[in-house]
Amino acid sequence: MLSMQNISMVYRAGMVETHALREFSLEVAEGDFVSVTGPSGSGKTTFLNIAGLLEQFTDGRYELDGRDVSGLSDTESSAVRNEKIGFVFQSFNLIPDLNLFDNVDVPLRYRGFNAAERKRRIEKVLETVGLASRMKHLPSQLSGGQQQRVAIARALAGEPRFLLADEPTGNLDSHMAMSVMELISEINSNGTTIIMVTHDPVLAEMASRNVHILDGRVSDDHPDIQIAQAATA
Amino acid sequence: MFSYYLKLGWLSIRRNPLLSTLMVAAIAVGIGSCMTIITVNYIMSSNPIPQKSDQLFYVQLDSWDPNNEDDDGFEPPEQVTYLDAMALMKADKAYRQIASNRSGLVLEPQGEGERPFAVDTRNTWADFFPMFDLRFIYGSGWDDSADRNLERVVVLSKEINERVFGGEDSVGRSVRLNGMDFQVVGVIDEFLPVPKFYDVTNGAFNEPEEIFIPFNISVEYEFPRNGNTNCWKTPDGDGFEAFLNSECAWIQFWAELRNETEKQDYMTFLNAYAEQQKELGRFPRPLNNQLSNVMEWMEKQEVVDDDAQVMLGLSLLFLLVCLLNTIGLLLAKFLGKSGDISLRRALGASRSSLFIQHMIESGLIGLGGGVLGLGLTWLGLRGIEMLFGDFVKNLVGLDWVMVLTAIGLAILSALLAGLYPTWRACRIAPASQLKIQ
Numbered sequence: 001m002l003s004m005q006n007i008s009m010v011y012r013a014g015m016v017e018t019h020a021l022r023e024f025s026l027e028v029a030e031g032d033f034v035s036v037t038g039p040s041g042s043g044k045t046t047f048l049n050i051a052g053l054l055e056q057f058t059d060g061r062y063e064l065d066g067r068d069v070s071g072l073s074d075t076e077s078s079a080v081r082n083e084k085i086g087f088v089f090q091s092f093n094l095i096p097d098l099n100l101f102d103n104v105d106v107p108l109r110y111r112g113f114n115a116a117e118r119k120r121r122i123e124k125v126l127e128t129v130g131l132a133s134r135m136k137h138l139p140s141q142l143s144g145g146q147q148q149r150v151a152i153a154r155a156l157a158g159e160p161r162f163l164l165a166d167e168p169t170g171n172l173d174s175h176m177a178m179s180v181m182e183l184i185s186e187i188n189s190n191g192t193t194i195i196m197v198t199h200d201p202v203l204a205e206m207a208s209r210n211v212h213i214l215d216g217r218v219s220d221d222h223p224d225i226q227i228a229q230a231a232t233a
Numbered sequence: 234m235f236s237y238y239l240k241l242g243w244l245s246i247r248r249n250p251l252l253s254t255l256m257v258a259a260i261a262v263g264i265g266s267c268m269t270i271i272t273v274n275y276i277m278s279s280n281p282i283p284q285k286s287d288q289l290f291y292v293q294l295d296s297w298d299p300n301n302e303d304d305d306g307f308e309p310p311e312q313v314t315y316l317d318a319m320a321l322m323k324a325d326k327a328y329r330q331i332a333s334n335r336s337g338l339v340l341e342p343q344g345e346g347e348r349p350f351a352v353d354t355r356n357t358w359a360d361f362f363p364m365f366d367l368r369f370i371y372g373s374g375w376d377d378s379a380d381r382n383l384e385r386v387v388v389l390s391k392e393i394n395e396r397v398f399g400g401e402d403s404v405g406r407s408v409r410l411n412g413m414d415f416q417v418v419g420v421i422d423e424f425l426p427v428p429k430f431y432d433v434t435n436g437a438f439n440e441p442e443e444i445f446i447p448f449n450i451s452v453e454y455e456f457p458r459n460g461n462t463n464c465w466k467t468p469d470g471d472g473f474e475a476f477l478n479s480e481c482a483w484i485q486f487w488a489e490l491r492n493e494t495e496k497q498d499y500m501t502f503l504n505a506y507a508e509q510q511k512e513l514g515r516f517p518r519p520l521n522n523q524l525s526n527v528m529e530w531m532e533k534q535e536v537v538d539d540d541a542q543v544m545l546g547l548s549l550l551f552l553l554v555c556l557l558n559t560i561g562l563l564l565a566k567f568l569g570k571s572g573d574i575s576l577r578r579a580l581g582a583s584r585s586s587l588f589i590q591h592m593i594e595s596g597l598i599g600l601g602g603g604v605l606g607l608g609l610t611w612l613g614l615r616g617i618e619m620l621f622g623d624f625v626k627n628l629v630g631l632d633w634v635m636v637l638t639a640i641g642l643a644i645l646s647a648l649l650a651g652l653y654p655t656w657r658a659c660r661i662a663p664a665s666q667l668k669i670q
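Sequence order for the protein chains is A and B.
Numbering of the first sequence is given in this note's numbering, commencing with residue 1 and proceeding in unit increments.
Numbering of the second sequence is given in this note's numbering, commencing with residue 234 and proceeding in unit increments.
In case anyone wonders, no lab produced these hints; they're calculated from the structure.
C-beta: ideal position from N, C-alpha, C; glycine also.
Be careful, since some hints might not be right.
Listed next, with one range per pair, are the computed distances between beta-carbon atoms [what the hints assert, rightly or not]:
(1) A:G191 / B:L557: 29 to 35 Å
(2) A:Q5 / B:G561: 27 to 33 Å
(3) B:A662 / A:G191: 43 to 49 Å
(4) A:D65 / B:A662: 45 to 51 Å
(5) B:R247 / A:G191: 36 to 42 Å
In silico lysine-lysine, DSSO-like type, Cα no more than 27 Å apart, as pairs [stated by the list, open to error]:
(6) A:K136 / A:K124
(7) A:K124 / B:K240
(8) A:K119 / A:K136
(9) B:K533 / B:K429
(10) B:K285 / B:K466
(11) B:K323 / B:K511
(12) B:K511 / A:K136
(13) B:K285 / B:K511
(14) B:K240 / A:K136
(15) B:K496 / B:K466
(16) A:K119 / B:K511
(17) B:K570 / B:K240
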């Protein structure tokens with residue numbers, strides 16, 4: 001489903017080179033729920049940006065859903081992002097002057113769906129996240145947890161194969177964080193592949209697999225967290 | 234997607250009301266000043282008789298001094314002499330032709346207690362009215378026999394008919410001009426050619442005359458002339474008769490020539506006439522007779538003068554300065570939206586769709602600037618009218634062409650101003666913005 005082979009990412013600022021990823025390789029199968037952990041500056045977010053086609057990598061090979069996505073044009077990579085990938089951000093990134101309906105509508109507009117199809121999808125995903133009754137509300141009228149649910153609804157509206165979440169509970173209290181994590185787990189159980197970057201080991205354990213990144217490389221890859229924990233005990 | 238982009242543009246404008254107002258104001262001030270000058274230039278250079286401007290020809294006969302070169306070289310005089318005007322009228326070679334000049338008479342109303350007043354008068358020929366497409370409310374112009382038989386007939390403007398006869402049908406009634414009775418044969422409807430093409434020598438933007446009488450009558454009774462009279466030779470003798478037979482040019486001559494053949498035939502006739510005059514000791518310069526259609530004549534006479542064109546250039550420069558300000562403001566606004574732009578990129582918007590979205594937003598700002606600019610243009614034109622008075626009142630009207638031009642220019646300006654800020658905004662790396670929001 002997602003295959004990265006020897007991906008390198010080097011940021012250059014004048015004479016200074018910073019290696020964010022070094023020969024980074026990872027395979028993610030369809031339906032996986034992968035948590036990505038690592039210390040600050042280890043390359044987690046860079047990995048997520050490359051996985052989401054938001055950044056071009058320096059070297060290596062990246063296949064998404066069987067397609068080599070290195071060297072896609074801007075229009076092509078935008079279309080791939082729109083159709084196959086959903087993003088959930090730490091700070092929700094809702095557009096403040098659009099109501100929930102219109103926020104969820106954004107990716108669907110770029111997909112070119114007609115009005116009826118967009119409405120059907122928006123109502124369905126807002127129903128899924130439990131906010132169908134508040135679709136005319138502005139984000140500022142919701143709690144943080146509710147806002148993140150809207151962001152998840154927006155990510156799901158296009159029925160993507162992948163959900164990329166960058167610290168999705170980082171701005172929430174523990175109660176709301178659990179609620180959001182339960183929603184993400186439920187989405188995964190319905191077949192959506194999820195890659196989630198987190199600092200929180202408790203949340204990381206809720207995934208089916210944990211990848212630990214250190215200095216731009218995969219340092220540990222636990223394909224089955226439950227099994228790994230049992231072995232440790 | 235267009236309506237969606239319009240909605241996003243409107244939301245974005247509302248989101249930063251102060252910045253948006255500044256941008257709209259910058260464009261509006263530029264458009265207002267520019268359109269004020271453009272409107273004046275546009276009216277100055279407009280075609281006053283578009284339906285037949287290419288069939289009406291101003292006649293210049295080079296009867297002038299061989300030793301007197303003007304700034305443009307040996308150009309023929311702007312008007313013709315009485316001798317030549319009469320010869321051309323008598324030859325009757327054009328489909329229609331008129332000799333005409335301007336004078337001022339005193340009209341004595343018949344009502345008790347009404348005081349005499351001065352009226353601007355056009356001395357002309359019967360063809361004047363059909364030639365220049367004047368419309369009549371009552372009656373018509375006089376006919377050729379009135380010209381030949383020195384009939385004291387008069388055509389009134391609508392305003393004079395209103396003033397003297399209360400707007401009634403005055404045909405057949407008489408008015409007293411300079412102590413003589415003239416019979417009214419017609420009352421013309423509104424006649425306000427801008428520029429006043431048929432006599433630019435007396436001010437291209439002056440009002441048309443208030444009454445029209447036969448040219449021959451004005452000569453017969455030696456009515457005073459208002460306007461330019463240029464002589465390169467002193468008349469041989471004293472008195473009006475000597476003046477009429479002199480080389481003084483004071484008459485405007487127009488010919489209506491319906492096609493190229495008629496024009497060429499007429500030019501051949503003019504040249505033959507000049508050759509004939511040479512044999513009589515006149516026309517000492519080489520042949521240089523000229524026929525100019527209405528727009529050519531306006532251009533020759535520099536109806537749109539250099540000052541107006543300099544002002545136009547300056548106003549366009551001012552618009553440019555306003556646009557540079559708008560570019561700066563748009564840049565600040567669009568780069569301030571980097572989070573929104575990055576989010577949309579992450580959700581699948583391509584650079585091209587974001588480019589269109591932001592250009593439409595720029596266009597909306599331009600539309601606002603255009604509407605406000607129109608208001609400022611109107612104020613600017615009223616200001617010019619107040620400053621210069623009646624002299625410019627025919628130049629300060631906004632028609633639909635100018636309204637649409639103002640809006641179009643404002644939108645185009647805003648789109649041009651928006652190009653660079655939009656391009657910069659679309660180059661924002663989304664990854665760097667999404668994390669820090």
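Would you pick out the hints that fail for this structure and give their numbers low to high?
Structure breaks hints 1, 2, 3, 4, 10, 12, 13, 15 and 16.
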